[in-house]
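Participant: Mapping to full-length UniProt numbering: the sequence shown position 329 is 329, numbers consecutive.
If you are wondering where the hints come from, they were derived from the structure by calculation, not from laboratory data.
Ideal Cβ placement from N, Cα and C applies to all residues, glycine included.
Hints should not be assumed to be uniformly reliable.
[To be verified] Listed next, the in silico BS3-like pairs over lysine-lysine satisfying Cα-Cα at most 30 Å (straight line):
(1) K104 <-> K179
(2) K34 <-> K336
(3) K291 <-> K336
(4) K237 <-> K34
(5) K336 <-> K85
(6) K127 <-> K104
(7) K298 <-> K336
(8) K160 <-> K104
(9) K179 <-> K237
(10) K298 <-> K340
(11) K34 <-> K85
(12) K291 <-> K104
(13) K85 <-> K160
[Unchecked claim] Pair by pair, the computed Cβ-Cβ distance ranges are:
(14) K104 <-> S310: 23 to 29 Å
(15) H185 <-> T139: 34 to 40 Å
(16) L137 <-> Q79: 39 to 45 Å
(17) T285 <-> E146: 24 to 30 Å
(18) L263 <-> S319: 29 to 35 Å
(19) T83 <-> N281: 45 to 51 Å
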Amino acid sequence: MLGFLSARQAGLDDPLRFRRAESTRRVLALELNKDRDVERIHGSGVNTLDIEPVEGRYMLSGGSDGVIVLYDLENSSRQPCYTCKAVCSVGRCVLKINHPDVHKYSVETVQWYPHDTGMFTSSSFDKTLKVWDTNTLQTADVFNFEETVYSHHMSPVATKHCLVAVGTRGPKVQLCDLKSGSCSHILQGHRQEILAVSWSPRYEYILATASADSRVKLWDVRRASGCLITLDQHNGKKSQAVESANTAHNGKVNGLCFTSDGLHLLTVGTDDRMRLWNSSNGENTLVNYGKVCNDSRKGLKFTVSCGCSSEFVFVPYGSTIAVYTIYSGEQITMLKGHYKSVDCCVFQSNFQELYSGSRDCNILAWVPSLYEAVPEDDETTTKSQLNPAFEDAWSSSDEDG
1 MLGFLSARQA GLDDPLRFRR AESTRRVLAL ELNKDRDVER IHGSGVNTLD IEPVEGRYML
61 SGGSDGVIVL YDLENSSRQP CYTCKAVCSV GRCVLKINHP DVHKYSVETV QWYPHDTGMF
121 TSSSFDKTLK VWDTNTLQTA DVFNFEETVY SHHMSPVATK HCLVAVGTRG PKVQLCDLKS
181 GSCSHILQGH RQEILAVSWS PRYEYILATA SADSRVKLWD VRRASGCLIT LDQHNGKKSQ
241 AVESANTAHN GKVNGLCFTS DGLHLLTVGT DDRMRLWNSS NGENTLVNYG KVCNDSRKGL
301 KFTVSCGCSS EFVFVPYGST IAVYTIYSGE QITMLKGHYK SVDCCVFQSN FQELYSGSRD
361 CNILAWVPSL YEAVPEDDET TTKSQLNPAF EDAWSSSDED G
């Protein structure tokens with residue numbers, strides 16, 4: 001670190017290089033934080049997490065109990081040991097039979113509005129997508145569907161549209177327009193339920209969808225002629241007559257995540273594989289991550305780092321979280337702390353922290369470990385750390401002689 005600081009001070013190095021190096025060091029030092037707890041509110045498994053991109057301070061969670069919780073991640077107490085408190089929740093305190101705002105069944109996805117913390121969205125097994133006013137915790141709009149909703153996503157970079165992509169138990173991808181309050185588009189091409197959807201963080205009209213039919217498709221939602229690309233794990237080297245041709249995985253594809261620059265797309269499937277694709281031409285890069293255990297029957301929410309020298313991907317792996325380098329496939333570590341299967345995780349890029357939600361009803365905070373100061377009163381430890389060249393070699397016998 002001192003070398004980076006010296007080079008930056010002398011103007012010999014790009015400031016961004018030092019920032020990336022320090023971000024990388026912090027990610028490699030992630031561990032379960034013993035001094036930070038996240039208040040336990042959910043009475044059932046935690047399915048989804050999202051941290052707002054404006055300040056990186058507030059986090060949403062959605063659970064199998066139909067409850068949505070808003071947490072404040074900032075340490076307002078300024079004490080080393082603290083609990084991230086729930087600011088408010090929707091579901092537990094206001095649960096009434098006919099209350100229109102409460103999700104009746106499991107909340108599968110929550111997402112902040114990308115440009116403002118005044119609004120967020122949630123979707124549920126109760127066949128609804130709800131748009132919430134954060135200040136009043138009332139719904140501003142509700143979209144109803146004929147099928148169970150598995151996933152939804154808003155574009156993080158869109159300036160010319162307000163479309164929310166929705167994946168349901170049906171084979172059609174629905175696009176809901178927040179401006180008009182109606183479903184404006186339907187994307188057809190999949191044969192089974194849509195388990196995951198994700199907009200590109202680079203191009204606002206590019207959408208990726210993953211289905212139980214083993215296929216992943218890339219769409220330009222301005223086009224009416226079908227999808228742009230259907231990803232092929234064999235890169236076109238198998239006959240079209242073979243059943244596995246034009247499939248991304250050999251099982252259900254239940255997770256999608258673009259890299260932070262949008263140039264590549266990561267997918268996970270129930271064939272216990274994760275694949276990295278070139279998002280511009282759909283080519284399988286053939287990076288080998290080894291076996292990535294995935295027995296989830298619905299969407300799996302995994303995440304990637306941002307701003308590191310070598311980017312990382314964090315994937316729920318049973319009751320642990322596996323950390324891989326994206327472009328080499330090397331497994332860096334396994335984060336252990338949950339008692340049951342992990343269903344979601346989210347990365348806080350400002351401080352290189354990770355939060356994970358599990359079926360054990362807990363949300364855990366993974367924070368870079370800090371160097372511990374050497375105790376001043378421990379003479380043994382202090383002496384052992386001294387360079388022998390600087391130790392005093394004087395002896396009383398020298399004086400007697």
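Participant: Against this structure, judge whether each hint is valid.
Facilitator: Now the hints, each set against the structure:
{"no.": "1", "hint": "K104 <-> K179", "in the structure": "holds, 26 Å"}
{"no.": "2", "hint": "K34 <-> K336", "in the structure": "holds, 13 Å"}
{"no.": "3", "hint": "K291 <-> K336", "in the structure": "holds, 18 Å"}
{"no.": "4", "hint": "K237 <-> K34", "in the structure": "violated, 50 Å"}
{"no.": "5", "hint": "K336 <-> K85", "in the structure": "holds, 23 Å"}
{"no.": "6", "hint": "K127 <-> K104", "in the structure": "holds, 9 Å"}
{"no.": "7", "hint": "K298 <-> K336", "in the structure": "holds, 22 Å"}
{"no.": "8", "hint": "K160 <-> K104", "in the structure": "violated, 33 Å"}
{"no.": "9", "hint": "K179 <-> K237", "in the structure": "violated, 44 Å"}
{"no.": "10", "hint": "K298 <-> K340", "in the structure": "holds, 16 Å"}
{"no.": "11", "hint": "K34 <-> K85", "in the structure": "holds, 16 Å"}
{"no.": "12", "hint": "K291 <-> K104", "in the structure": "violated, 36 Å"}
{"no.": "13", "hint": "K85 <-> K160", "in the structure": "violated, 36 Å"}
{"no.": "14", "hint": "K104 <-> S310: 23 to 29 Å", "in the structure": "violated, 44 Å"}
{"no.": "15", "hint": "H185 <-> T139: 34 to 40 Å", "in the structure": "violated, 23 Å"}
{"no.": "16", "hint": "L137 <-> Q79: 39 to 45 Å", "in the structure": "violated, 29 Å"}
{"no.": "17", "hint": "T285 <-> E146: 24 to 30 Å", "in the structure": "violated, 37 Å"}
{"no.": "18", "hint": "L263 <-> S319: 29 to 35 Å", "in the structure": "holds, 32 Å"}
{"no.": "19", "hint": "T83 <-> N281: 45 to 51 Å", "in the structure": "holds, 47 Å"}
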